[in-house]
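Asker: Produce the entire structure from the sequences given, and follow the hints as far as they go.
Order-wise, the sequence lines are chains L and R.
If you use our numbering, the first sequence closes out at 359, no skipped numbers anywhere.
If you use our numbering, the second sequence closes out at 547, no skipped numbers anywhere.
It is worth saying that the hints were derived from the structure and are not from the lab.
No false leads were mixed into what you were given.
EDC-like, lysine to aspartate or glutamate: derived pairs with alpha carbons at most 16 Å apart:
1) R/Lys-238 to L/Asp-218
2) L/Lys-94 to R/Asp-140
3) L/Lys-210 to R/Glu-40
4) R/Lys-427 to L/Glu-89
5) R/Lys-348 to R/Asp-294
Chain by chain, the residues run as shown.
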Amino acid sequence: MFKNLLSRLVQGLLVLLVLYTLTFFLVKALPGGPFQSERAIPKHIRAKMEAYYGLNESLPVQYGRQLKNYLRGDPGLSFRLEGRPVSEVIAQAFPVSLQLGVLAMFVAVVVGIPAGCLAAAKRNSLIDSGAMAVAMTGICLPAFVIGPILAEFFGRGLKWFPALGWDSTSPSSWILPAFTLGLAYAAYLSRLTRAGMLETLSQDFVRTARAKGVSPWNIIVRHCLRGGLIPAVAYLGPAFAGIISGSVVIEAVFQIPGLGRHFVKAIESRDAPMIFGPVLLYGTLVILANLVTDILGVWLNPRLRKSS
Amino acid sequence: MLRSLGSALLACLLLASCQRETAVERANREKILLVGNGDDPKALDPHLVTGVIEHNVIRSLLEGLVADDPRTDDAYPPGAALSWEHNAEFTEWTFHLRPDAMWSDGTPLTARDFEFAYHRVLHPDLAAPYAEMLYFIKNAEAFNKGELKDFGQVGVAVLDDHTLKLTLREPVPFLPGITRYDSWFPVPRHVVLRYGKMTDRFTKWCEPDHMVGNGPFVLKEWKFNDHLEVAKNPRYWNAANVKLNGIRFIPIENFYSETRAFLAGQLHTTYQVPPDLVDKLKSDHPDLLRQEPYLGTRFVRLNTTRPGLNDPRVRMALSLAIDRKTLCDTILKGMRPAATLTPAVGDYHPDAVVGFDPERARMLLAEAGFPEGKGFPRYTLLIRSAGARTVSEALQAMWKQHLGILVDIQGKDFGSYVSAQHTLNFDLAVASWVGDYLDPTTFLLMWTEGNGNNNTGWSSKTYETLLSDGAHQADPRQRLEKFRQAEHLLMEEQPLIPFAWEARNYLHRPEIKGWHPLLLDNHPWGALSLEP
Chain L
52 MFKNLLSRLV QGLLVLLVLY TLTFFLVKAL PGGPFQSERA IPKHIRAKME AYYGLNESLP
112 VQYGRQLKNY LRGDPGLSFR LEGRPVSEVI AQAFPVSLQL GVLAMFVAVV VGIPAGCLAA
172 AKRNSLIDSG AMAVAMTGIC LPAFVIGPIL AEFFGRGLKW FPALGWDSTS PSSWILPAFT
232 LGLAYAAYLS RLTRAGMLET LSQDFVRTAR AKGVSPWNII VRHCLRGGLI PAVAYLGPAF
292 AGIISGSVVI EAVFQIPGLG RHFVKAIESR DAPMIFGPVL LYGTLVILAN LVTDILGVWL
352 NPRLRKSS
Chain R
16 MLRSLGSALL ACLLLASCQR ETAVERANRE KILLVGNGDD PKALDPHLVT GVIEHNVIRS
76 LLEGLVADDP RTDDAYPPGA ALSWEHNAEF TEWTFHLRPD AMWSDGTPLT ARDFEFAYHR
136 VLHPDLAAPY AEMLYFIKNA EAFNKGELKD FGQVGVAVLD DHTLKLTLRE PVPFLPGITR
196 YDSWFPVPRH VVLRYGKMTD RFTKWCEPDH MVGNGPFVLK EWKFNDHLEV AKNPRYWNAA
256 NVKLNGIRFI PIENFYSETR AFLAGQLHTT YQVPPDLVDK LKSDHPDLLR QEPYLGTRFV
316 RLNTTRPGLN DPRVRMALSL AIDRKTLCDT ILKGMRPAAT LTPAVGDYHP DAVVGFDPER
376 ARMLLAEAGF PEGKGFPRYT LLIRSAGART VSEALQAMWK QHLGILVDIQ GKDFGSYVSA
436 QHTLNFDLAV ASWVGDYLDP TTFLLMWTEG NGNNNTGWSS KTYETLLSDG AHQADPRQRL
496 EKFRQAEHLL MEEQPLIPFA WEARNYLHRP EIKGWHPLLL DNHPWGALSL EP
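Answerer: Set out below in structure tokens:
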């Protein structure tokens with residue numbers, strides 16, 4: 052088990068190195084450089100600016116220097132937000148993305164899993180088809196449609212929650228973004244849970260439990276939930292990484308000071324250090340989330356233990 | 016689990032009840048102006064940034080020699096300088112600073128701070144992107160390019176603590192207007208040097224807790240991507256007349272979100288309104304929508320090195336086939352059809368050279384060898400992002416309808432869009448230019464050979480001679496006359512096709528007092544008040 056973990060971690064580091072290398076050369080291959088605006092900067096000044104950030108050196112030197120900086124834990128200065136350390140930007144923005152991600156995950160789990168269980172328990176009933184129809188709608192409607200609708204209705208119309216903005220100390224500003232981001236995941240989760248539960252419910256031990264007179268509630272919660280959740284848990288890990296890194300749209304709709312917007316703007320302005328920071332961070336998150344999912348999967352499914 | 020869902024919903028409803036007072040109502044009480052500002056400033060060092068978003072914040076924190084007037088763009092009320100005079104040729108200017116002026120930390124503000132600031136912005140080691148704004152000063156260009164090492168030879172002289180003398184390389188009658196631009200702002204020498212050398216690019220001097228200014232407000236808090244707040248500066252010379260306690264700049268990039276936030280009572284004034292919402296807002300909230308002219312021009316930039324586009328007749332044909340009025344009525348809401356590059360500013364009235372004349376357009380195209388568009392190369396119209404999509408499609412349709420030619424549209428992200436133009440790697444591009452000050456040179460100087468903003472491959476010796484003749488005229492009327500001739504020539508040649516003069520559409524609450532339409536849009540923050 053320990054050896055397995057170690058090898059996964061080493062693999063993870065290799066993946067990060069490949070990720071860095073690919074990103075580095077892709078950014079360099081993009082047309083244009085960081086110091087251009089619609090209003091041209093004179094050549095002699097641009098040369099000075101590039102020298103300031105070491106952009107006048109050869110590519111291998113830049114590649115090595117950046118990598119060394121990362122290994123030391125210092126991603127350097129942003130080009131776009133001139134002179135601002137990337138680490139500072141991430142330190143300010145990432146907690147917001149994380150908080151939003153955790154809240155959205157909470158919405159997804161609290162809405163999605165019970166809905167899936169209910170649909171499975173009442174298979175082929177009105178509740179089942181109703182819940183699944185809602186879920187399908189949730190999956191199909193992208194966040195940039197749901198977000199503005201929620202903001203328009205609850206923010207501008209009813210004035211229950213702010214239509215925009217994020218205050219880490221005021222829960223009323225969390226609700227609309229968390230629901231918008233969480234609902235699509237909730238929908239998908241409910242479908243996975245339903246499928247997992249249905250499969251478990253058709254097992255022999257369930258029939259035995261029923262024959263012994265166990266109540267339907269206990270069958271679901273005590274006998275089936277653990278097995279029925281396996282597909283949902285396998286999905287949750289990568290989804291969690293995705294939910295944290297994929298909130299760009301929500302951040303734009305609700306004006307949330309998260310990392311996603313920095314990332315998109317960094318790409319537009321060829322701000323290499325600001326691109327690498329989030330890329331490596333998200334990469335690490337995906338690797339870790341997958342690892343945790345696998346560990347959870349083994350815990351949930353004893354059949355996997357032998358093979359690992 | 017159902018129970019926990021229910022309690023979560025209940026909690027939401029309970030929290031919702033706290034949402035009664037809107038942000039605007041609260042801000043009205045606290046006299047804080049809530050401003051939608053499009054994006055975060057990149058930085059606050061006036062010498063190192065160039066954008067409008069930065070300028071909006073910086074001019075609340077720093078003040079140049081001359082201040083902005085709340086009612087008109089071409090009045091020059093005293094700022095850090097109490098008075099000034101110039102010689103008959105407009106080449107020597109003496110500014111008398113306020114004897115009681117001080118920085119927000121109480122240090123006296125002297126002419127030496129201005130000398131330090133101009134030395135700093137022109138120093139090649141600082142690499143200030145917009146040092147060019149100071150090239151009007153004698154020898155400034157040579158010093159900035161490293162050809163001259165001694166700043167003593169640059170036309171900036173401190174006569175005494177409160178007197179600054181500027182010697183210019185040419186007559187600049189509009190100098191007071193330029194000193195309101197960021198590159199001309201003073202910086203606190205004592206604070207800049209506390210956190211680094213004069214030419215260190217990004218030190219901590221303009222961060223919250225460190226930044227010291229001479230404007231009506233001081234930097235209070237900056238939460239990235241969230242808001243930047245400034246508070247009233249009690250040491251500002253005109254503090255007694257500053258009625259706001261502070262301003263909160265909110266960086267909302269998505270203009271739909273911004274509009275919604277405004278209507279939900281979260282902003283006093285917005286940065287912009289999406290063009291497709293203008294009609295709806297006009298009918299629903301006529302009292303809140305503002306549509307005002309803005310000193311800028313939208314145009315199509317042509318690569319005149321491309322075969323076909325190297326013929327002025329072809330360029331003029333493309334220009335005359337654009338129905339500018341329809342474009343402005345249907346898509347570019349609030350904008351005016353452009354008949355030339357420069358919108359009328361002050362006493363400058365350029366000739367209306369281009370308009371909608373499809374017949375002449377077809378004739379010119381035929382003369383150039385493409386009757387009814389036959390054999391015309393298939394060019395690509397480059398646009399940036401989705402914003403220009405509708406305009407480019409309208410242009411495409413007009414060229415097809417009136418000239419019988421087909422043009423493709425290609426959208427690129429900002430970096431690629433700019434880079435393609437800098438390297439002349441495009442055919443046609445939808446572009447825009449915003450003037451910095453009320454003088455035609457802000458639109459005309461860029462079309463000279465080798466200028467980084469030209470990007471058309473076009474240049475003309477006659478044009479450049481006219482510009483330089485104009486620049487050396489001491490008589491303002493003759494000066495503008497030369498520029499009028501230069502612009503006429505530029506428009507006859509059409510290396511760029513102007514089609515609309517900019518406007519700003521935005522939402523604005525009636526309780527803001529002291530805000531008047533301004534071409535340059537530099538509303539002096541200190542003159543505003545909130546009276547609900």
